[in-house]
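Chains as they are written, first to last, in this note's numbering: chain F, 1 to 250; chain U, 251 to 500; chain A, 501 to 819; chain W, 820 to 1084; chain D, 1085 to 1349.
Treat the hints loosely; a few may be bogus.
What the hints assert, rightly or not - Computed beta-carbon distance windows for the label pairs:
| hint | chain 1 | residue 1 | chain 2 | residue 2 | range |
| --- | --- | --- | --- | --- | --- |
| 1 | U | Gln396 | W | Asp1072 | 36 to 44 Å |
| 2 | F | Arg4 | D | Gly1247 | 22 to 30 Å |
| 3 | W | Val936 | D | Asn1224 | 52 to 60 Å |
| 4 | W | Pro947 | F | Trp246 | 39 to 47 Å |
| 5 | W | Asp1072 | F | Arg4 | 39 to 47 Å |
| 6 | U | Asn279 | A | Asp723 | 24 to 32 Å |
| 7 | D | Glu1313 | W | Pro851 | 47 to 55 Å |
| 8 | A | Glu745 | F | Thr38 | 53 to 61 Å |
| 9 | D | Trp1271 | W | Thr838 | 32 to 40 Å |
| 10 | F | Gly49 | U | Thr288 | 48 to 56 Å |
| 11 | A | Asn758 | U | Leu302 | 43 to 51 Å |
| 12 | A | Glu745 | F | Gly49 | 46 to 54 Å |
As the list claims (entries may be wrong) - Think about it this way: if two alpha-carbon atoms lie no more than 25 Å apart in a straight line, the pair counts; the simulated DMTMM-like pairs of lysine to aspartate or glutamate are:
| hint | chain 1 | residue 1 | chain 2 | residue 2 |
| --- | --- | --- | --- | --- |
| 13 | W | Lys938 | U | Asp464 |
| 14 | F | Lys160 | D | Glu1274 |
| 15 | U | Lys410 | W | Glu940 |
| 16 | D | Lys1306 | W | Glu940 |
| 17 | W | Lys1041 | W | Glu940 |
| 18 | U | Lys339 | F | Glu147 |
| 19 | F | Lys149 | U | Glu490 |
| 20 | U | Lys409 | W | Glu901 |
| 21 | F | Lys160 | D | Glu1166 |
No lab work stands behind these hints, which were simulated from the structure alone. Glycine included, each C-beta is placed from N, C-alpha and C at the ideal position.
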Amino acid sequence: MNNRKGSLSAGLFILAFLIIWEAAARAVNMIFILPPPTGIIEKLWELKGPLLIEHLPVTLSTIIIGLVISILLGVGIAVWMSVSPSAEKAIYPIIISSQMIPIIALAPIFVLWFGYSIWSKVVVTVLITFFPITVNTYDGLRSGSQELKELMLTMGAGKKEIFFKLLVPSALPHFYSGLKVAVTLSVIGAAIGEWLGAQAGLGYFSRRMMTQFDGAAVFAPIVLLSLIGIILFVIVKWIENKSLKWRKSS
Amino acid sequence: MNNRKGSLSAGLFILAFLIIWEAAARAVNMIFILPPPTGIIEKLWELKGPLLIEHLPVTLSTIIIGLVISILLGVGIAVWMSVSPSAEKAIYPIIISSQMIPIIALAPIFVLWFGYSIWSKVVVTVLITFFPITVNTYDGLRSGSQELKELMLTMGAGKKEIFFKLLVPSALPHFYSGLKVAVTLSVIGAAIGEWLGAQAGLGYFSRRMMTQFDGAAVFAPIVLLSLIGIILFVIVKWIENKSLKWRKSS
Amino acid sequence: NTNSASEKAQTAEGKEKKKEKVTIMLDWYPNAVHSFLYVAEEKGYFDAEGIDVDIQFPANPTDPIQLAAAGKVTLGISYQPDVIMARTDQGVKVKSVGAIVRSPLNRVMFLKDSPIQRPKDLEGKTVGFTGIPLNEAIIETMVAKDKGNPKKVNMIDVGFELNSAVVTKKADAVVGAYINHEVPLLKHEGHETRNFDPTKYGVPNFYELVAVTSDETWEKQQDTIKAFWRAAEKGFDFTEQHPDEALSILLSKQDEANFPLIEEVEKQSLDILLPKMKSEKGFGSQTKESWIETAEWMKASGLIKKEPKLEEVFVNIAD
Amino acid sequence: MSKCGQEKRKKVLEFQNVTFSYKDKQQTESTPILQRVNTAIYEREFITIIGASGSGKSTLFRLITGLENPDEGHILLNGEAEEHRLGKVGYMPQQDLLLPWRTIQENAALPIELKRVRKEEAYKRVLPLLEEFGLEGMENRFPHELSGGMRQRVSFLRATLSGSNILLLDEPFSALDAITRLSMQEWLMEQWEKQKTTVVFITHDVNEALFLSDRIFVFGEKPIRTLQEVDVPLGRPRSLKDLNQPSLIELKDQLLEQLRGKVMG
Amino acid sequence: MSKCGQEKRKKVLEFQNVTFSYKDKQQTESTPILQRVNTAIYEREFITIIGASGSGKSTLFRLITGLENPDEGHILLNGEAEEHRLGKVGYMPQQDLLLPWRTIQENAALPIELKRVRKEEAYKRVLPLLEEFGLEGMENRFPHELSGGMRQRVSFLRATLSGSNILLLDEPFSALDAITRLSMQEWLMEQWEKQKTTVVFITHDVNEALFLSDRIFVFGEKPIRTLQEVDVPLGRPRSLKDLNQPSLIELKDQLLEQLRGKVMG
Ligand SMILES: Nc1ncnc2c1ncn2[C@@H]1O[C@H](COP(=O)(O)OP(=O)(O)OP(=O)(O)O)[C@@H](O)[C@H]1O
Ligand SMILES: Nc1ncnc2c1ncn2[C@@H]1O[C@H](COP(=O)(O)OP(=O)(O)OP(=O)(O)O)[C@@H](O)[C@H]1O
Ligand SMILES: [Mg+2]
Ligand SMILES: [Mg+2]
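Kindly produce the complete structure, drawing on both the sequences and the hints.
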């Protein structure tokens, strides 16, 4: 009941947002700069074939491969840093620096390494997404209760057991925060990656349309990207709720 | 003692990293794509005047204004969502979507609104950085212990008191995780923002050098950006350690 | 596409004599200026020369030179001043093998009802450019030539977007707009513009687009590149004689790839381009004078710091 | 302290047909804890609750504070059927629940702070009490640096500072040694007399219950339908020696018997 | 059970000149807790520790488990001076410290799991014990759904499953009512006799100490220099009635006196 009311008012809010956008777009009247939502939806319908069949799968595979690598890499680095303080001191500056290099400065290097394969796009995705996972997981691993750790030590638990039975459960809520940021970034990461050289993909399509001054066609694939982002986010939230169901609900 | 050993081995690690880079750059021998660290340092020295006096202050002010707005906005949205579930339902999809729009698709819109003032760059910075703050703070606000909340309720604490005396302290560790990601992104955000239109700034300078095939000069401002990123990160870590000093150290 | 091309090459390998693979990176996404390449591909001119072409698009305007220099692509389409700059100041070992567009397409563009009548009027105005110093030099030369003070022009890097800079009136004029792209595109969108031709105000008549390769690639694959060029020239000849058919080949190829081009715009574009691509001495021929003139102008306007070295900067493939 | 005497006094707390069970999320069965319970507690009374582990004593407190609401029936505070009872009673939970980011002094001062008293003022008020509680020199420590009994005393102190006329104490002295416990008991009795509050006190120590209270409620069978009440036939002030009176030893045995029968049977 | 008898038995735990103080990060002063303490505990002994709140009882346990190390002196386990004592003794901390993301069954099974026993096997072993502890039907609940006494029993059960020959129990029954406490005490005695372990037991209940133990250590003055030891003159098996013997009532008064003098004095 209350929940349904909540959804309703949420829906109204989003509707209001779209109406304001539509009105603003019509007022500004520069379709190529700010297309109205109706124009975008029309274009989306018109282009549904190529977008869904050709470009979506390309982008989606980049996202998924990139995310899997990011999670492994981000968690790996976080674990390494939490195990060795000197690794933390050495790696943190390097990974922060890695975040400072604009992708287009790296683009030729990636192409040099990976050519125009999917891997150059995956690398961009990973570069953009592993950082929030690393930071959150690392902070999460340090958030484990000291009392519980001591208790497990007295039970003869080794590093490995403390890690899996105490630190991992304590880090999970933090990890999920990072993952939510990361899945969101992964979508835009894959889209940016596609500019480095691609022949298909939603980001590539959007960029090509920019050169054509076709505002609605620029935003149509972005709407799809948003949907992917929202879906990934919802999936992570769902997994989060499932795996943290021991948490007392308020 | 142990700490000094840690710093030493961390230093060695970073040194090794730089040596490998130098060797790789020399082996590849394409300075315009992959300049060696020594070349970058040389260039940095050569360009120190314009970089430090002209471009650094411009970028730094964008970063700082952007970060302040991001923190206010991110925390504000997080608080709003934690207070109202229907706000959460409505806002989350919208802010996720906002993260999916490539900056260059928005560039004309920002130009339309803000012209080529600092604000278009600040908006880019905010757009990139408020999201991790929002997600982490929101998750942090929900992490407050239910027992303590109940205790405070029995003491007659109102929403405001629970918020400030319980939720804020519990959310702080999560908030700092998000802030660490955000300060890092803010630096690159400001640099990217400068591509939308600028007359000075480190990002602007780097991009300009790209068109001149001067690899070392492309990376010299990036080194400064990295330093800013690392310094901001260290500042946040320091504040984090200060304000969470009640945490038992292991 | 890359895959299917190489597959094709492999199966062809079995049947006939070995095909040489040529990767060419365009200066930008496909448009009218590239018609000759698509025609040569469609009409089998490349096949006839035993060449398998792979056409790629850049992420950055600088990619064609950088990746050609790195040997990642056989040829890259770039700009004459960029080649000089890369070769002279940065020692990037690339050379031009053929001029594709023989005079600047680059224009100073502003809205039709703008008060700007001559380059001197740019004084005190904001001029947007895409962050390439060449464009700054163009404005400087033009304004100085028109007896204005270039220092009074407010140059601003508008990044990705020349068109919106003009249309939103956040810049009074832009430089770097192409007479065959931005101008007709804006017109198509309903924005009339006027423009100045830089060559009329002291900027040398440089080659807007040239095909570049690295010294090393040239060394190793001279024959292949020459073969490629013969096919390209045939493609250009066909384009010149049958512009409408050439254009429709390009348009249909792009349609197939789901990136429809605006026919009206591309048609205007090709009309502008054809005379600028044609050369008495054969498609792609280059003159030493052009390179020297351009280099000297660049030196004078500070675009290059070192003494230009032009011995190896171009080879005349058309000879 | 007979029932007749109480009748004339004001009821500060009344249960009318209260039924309660925890809603189980996973399992659909809901375990009933209280079933149509009626009872009343009067002004300035000292009530002790004893009962088996898991019988619902802490749950009763959660109901009184307003953290839980009855499935059926009403709970009246000071004669009014308050739906919103939160913040109306002083409550010391069974776990010490100190805020880990606050020092001892800041923890103890929390209820005063929540009454919008200035922080410095609140801290100043708390300091002498901490000394009385044997916690001098500890005021700037964080909870994890304290022993279990010290934490319990801080939690106890915090509850007494709520300023309400009803004080609910859930096993407040369980982690204290006999001597410290005695001094805390004395302090509590003093406050109770001085400040005219009503105290409800959960303990597992029957001696403590007899020594302190006017009436003892025994939580036996589950669900609880009627509260078993026992009057303590002692005047005030009391001394520990009074507990050695034969009538009291008998009462004690009777109470234990009552517990044993109800729990183990 | 006289000292002479003990002398012949194996020492399972020995303190040699142990000095310990908590290193305070903020304040530079370090509070001394133990000072040059010497003592020994023998095989199959049942030792009880009583003492004022904050006197250092829990700290002693932290030293024995290896969570803290002496500033000076040595702690010997089973005759060996072990630097690394972690995992060598069973330990029930004062707070129940259940893992909130584990069910009751999973919590209780933790020490078995840590011995690399298969999870299902561990859970199966725990189930009948949970029933014996009056926790039937609770195995799939999470700790926050339990009453305080129930949580304490889970924590107690977990400690006994460590399988070590030394069991340290820090106020294990403080949250239990008299009846449940009795049945737990009985269970503990049974196990102690069956499994030939040495038990060290902190309590605030002098009766409990007298009822259960061979020797009682009294923690008095601070810092602790020598451990006050009291032998309990009772054979086994014991019954609660034995505590009413005049000699024991006297001993009890003496113990209380000892505590009072040392703590309050
Ligand atoms: N982590 C710590 N850091 C600093 N001081 C501590 C720490 N833990 C305990 N102390 C101090 O050491 C002293 C002894 O504490 P301990 O927990 O051993 O007492 P205890 O005898 O178990 O008391 P109780 O019966 O109240 O549990 C106390 O004064 C306490 O404040
Ligand atoms: N949050 C909860 N959800 C579900 N069941 C609960 C919850 N809290 C308590 N219970 C159950 O309610 C019953 C009564 O618990 P309560 O805490 O009131 O017992 P208690 O009398 O205080 O016991 P103790 O002396 O052990 O503290 C127990 O069976 C317990 O398992
Ligand atoms: Mg309870
Ligand atoms: Mg203790």
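Taking the hints in turn, this is what the structure says about them:
Under the hint 36 to 44 Å, the C-beta atoms of Gln396 (chain U) and Asp1072 (chain W), about 41 Å apart, fit the expected range. With their beta carbons about 54 Å apart, Arg4 (chain F) and Gly1247 (chain D) fall outside the hinted range of 22 to 30 Å. Range check, Val936 (chain W) to Asn1224 (chain D): about 46 Å between beta-carbon atoms, so the 52 to 60 Å window is missed. Between Pro947 (chain W) and Trp246 (chain F) the beta carbons are some 42 Å apart, a value that agrees with the proposed interval 39 to 47 Å.
Restraint check, Asp1072 (chain W) to Arg4 (chain F): a C-beta distance of roughly 59 Å breaks the suggested window 39 to 47 Å. Between Asn279 (chain U) and Asp723 (chain A) the beta carbon distance is about 26 Å. The supplied range of 24 to 32 Å therefore holds. At about 50 Å, the beta-carbon gap between Glu1313 (chain D) and Pro851 (chain W) stays in the expected band of 47 to 55 Å. Glu745 (chain A) and Thr38 (chain F) have their C-beta atoms about 38 Å apart, which leaves the hinted 53 to 61 Å range violated.
Hint check: Trp1271 (chain D) to Thr838 (chain W), Cβ distance near 35 Å, so the stated range 32 to 40 Å holds. One distance hint, 48 to 56 Å for the beta-carbon pair Gly49 (chain F) and Thr288 (chain U), holds here, with the actual separation near 53 Å. As the Cβ distance of Asn758 (chain A) to Leu302 (chain U) is approximately 48 Å, the hint placing it in 43 to 51 Å holds. Our hint of 46 to 54 Å for Glu745 (chain A) and Gly49 (chain F) is violated, since their Cβ atoms are close to 27 Å apart.
For a cut-off of 25 Å, the pair hint linking Lys938 (chain W) to Asp464 (chain U) is broken: about 60 Å separates their Cα positions. Of the supplied pair hints, the one linking Lys160 (chain F) and Glu1274 (chain D) is violated, its CA atoms being roughly 35 Å apart against a limit of 25 Å. A C-alpha spacing of about 21 Å is found between Lys410 (chain U) and Glu940 (chain W), which places the hinted pair at or below 25 Å, so the restraint holds. For the suggested pair Lys1306 (chain D) and Glu940 (chain W), the alpha carbons sit about 33 Å apart, so the restraint of at most 25 Å is broken.
Between Lys1041 (chain W) and Glu940 (chain W) the CA atoms are separated by roughly 46 Å; this puts the pair beyond 25 Å, and the hint is violated. A C-alpha spacing of about 37 Å is found between Lys339 (chain U) and Glu147 (chain F), which places the hinted pair above 25 Å, so the restraint is violated. Restraint check: the Cα-Cα separation between Lys149 (chain F) and Glu490 (chain U) comes to about 22 Å, which is no more than 25 Å; the hinted pair holds. For the given pair, Lys409 (chain U) sits about 19 Å from Glu901 (chain W) by alpha-carbon distance, which is consistent with the 25 Å threshold.
Between Lys160 (chain F) and Glu1166 (chain D) the alpha-carbon distance is near 22 Å, which keeps this suggested pair within the 25 Å criterion.
Figure legend: structure checked against the earlier numbered hints; hints not met, in rising order: 2, 3, 5, 8, 12, 13, 14, 16, 17, 18.
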